[in-house]
Amino acid sequence: MKNFPYFQFLTLLLMGGSLVFFWECIAYLARRDYVASGLLTFIGAFTLWVGSELARLALAERAA
Amino acid sequence: MTSLPAVLGINLWLVALVVPYLLALSHARVGHGAPYWVSAALPLAPILLFSYLRHLRHPIAATALLCGVPLLCVVPGADGTLLYTSLPRLAVAIQAVVLLLYLVAASRALSAPCWDGPEAQTTPLQAAEVPLRWRRRVFLYRALFVLCLAVPLVMLYGIDLHPANLRALRLSFGRPGAKEAGSLARISAVQAAATAAVALLWVAAYRVCFLGLLSGHLLHDREVNLHTAALQKEARRGRPRPQFYLAMLLALGSMISLIWRSLRSP
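So the protein sequences, as listed, match chains R and W.
Under the working numbering, read the first sequence as residues 1 to 64, first letter to last.
Under the working numbering, read the second sequence as residues 1001 to 1266, first letter to last.
If you are wondering where the hints come from, they were derived from the structure by calculation, not from laboratory data.
Computed from a prediction, not measured in an experiment: that's the story for all the values here.
One or more hints might be untrue.
Unchecked claim - Quick look at which bits of chain W chain R covers, simulated, 3 or more residues with Cβ under 8 Å: (1) 1012 to 1021; (2) 1138 to 1147.
Stated by the list, open to error - Straight-line C-alpha distance at most 20 Å; calculated SDA-like pairs for lysine to any residue: (3) Lys1233(W) <-> Leu59(R); (4) Lys1233(W) <-> Asp33(R); (5) Lys1233(W) <-> Ser52(R); (6) Lys1233(W) <-> Arg56(R); (7) Lys1233(W) <-> Gly16(R); (8) Lys1233(W) <-> Leu1218(W); (9) Lys1233(W) <-> Arg62(R); (10) Lys1233(W) <-> Ala60(R); (11) Lys1233(W) <-> Glu61(R).
Said to hold, decoys possible - From the derived model, a few chain R residues whose C-beta atoms are all more than 12 Å from chain W: (12) Phe4; (13) Phe9; (14) Ile26; (15) Tyr28; (16) Ala55.
For each residue, glycine too, the CB sits at the ideal point set by N, CA and C.
Given these sequences and hints, build the entire structure.
Next comes the structure, spelled out in structure tokens:
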């Protein structure tokens, strides 16, 4: 458990999760719900941002 | 070598402008006036002066050869006035292939060094084996060349030749009950605009996303190494930056507003 790469795992999870939001964005666009698809784009982008910040923490943990 | 772009340029002028113009003339779709002949003859000037313009080494000369000649050949027929009937797909494909070959030949001729002296003689080096690093680099250059050809051809096929897309265009832009030539002109105009937009997009994307990275790598990735060193120095803090909390807050806020919106809507 000690050696489990938590930050790397969370980074991958969040970056993969952001793809789900982008996929849903396309689905909402097909339904012509532009407000929802815009919100989902933002959610996907912010999720990617959080993932990238966790990747920095993973880098720090590896360097330590 | 400079004769090849000139020959291809004349070929492009013939297939994209002269032949459609003569066919439209024979079906009385355009007039016999001087303006048509002048506009038809305009692309010839840079083509015939190719060697001179190449030696000028001026940006205007390169623009005239790479943008001016194709535009002057393609634009007069872009609004469909030179069409008297639907062009066969083979004719469209030939026009696209000749245009691409002309652009490739002209780019290569413009980027080649100008040397009017005797041809240099080369002898191969006595190297036993090409290092792996160089073999990878040669493979990468060849792959980039193939990519540069394949992607525009696929896009050209999708916009101008793919049957399903052509049917969709006819459904979207052809007016039922209208004269055939009118709807044909609209479809041709849409195809021309889409082809031009896709070509510009691909040139920009190729320059930024592929050649940009390659040029950075050829400079030993200085910028990437500096950025990585700064990142490692910053990451030694071991704590999340304020941006982490801001991004988390924004993501949660957007999710809450989406859920609230979906609950409110009927």
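Check whether the Cα positions of Lys1233(W) and Asp33(R) lie no farther apart than 20 Å. Measuring from Cα to Cα gives roughly 44 Å; hence the hint is violated.
Straight-line Cα separation of Lys1233(W) and Ser52(R) no greater than 20 Å? Within the cut-off at roughly 16 Å; holds.
Pairwise hint evaluation, Arg56(R) against Lys1233(W), where the allowed Cα distance is 20 Å at most: holds, 11 Å
Mind checking the alpha carbons of Lys1233(W) and Glu61(R) for me, to see if they're no more than 20 Å apart? It holds: about 12 Å lies between the C-alpha atoms, which stays within 20 Å.
The region 1138 to 1147 of chain W covered by chain R? Criterion: 3 or more residues, Cβ-Cβ distance below 8 Å. violated (count 0)
Would the pair Lys1233(W) and Gly16(R) pass a check requiring their Cα atoms to be no farther apart than 20 Å? violated, 27 Å
Would the least Cβ to Cβ distance between Phe9(R) and chain W come out above 12 Å? holds, 16 Å
Mind checking the alpha carbons of Lys1233(W) and Leu59(R) for me, to see if they're no more than 20 Å apart? Satisfied, since the Cα-Cα distance of roughly 10 Å is no more than 20 Å.
Do the alpha carbons of Lys1233(W) and Arg62(R) lie within 20 Å of each other, as the hint requires? Holds: Lys1233(W) and Arg62(R) sit about 13 Å apart, inside 20 Å.
Quick one, are Lys1233(W) and Ala60(R) close enough, alpha carbons at most 20 Å? holds, 9 Å
For the region 1012 to 1021 of chain W, count the residues whose Cβ lies under 8 Å from any Cβ of chain R; is that count three or more? violated (count 0)
Does the claim that Phe4(R) lies outside the interface with chain W hold up, using a Cβ gap greater than 12 Å? holds, 18 Å
Of the numbered hints given earlier, the model fails hints 1, 2, 4, 7, 8, 15 and 16; all others are met.
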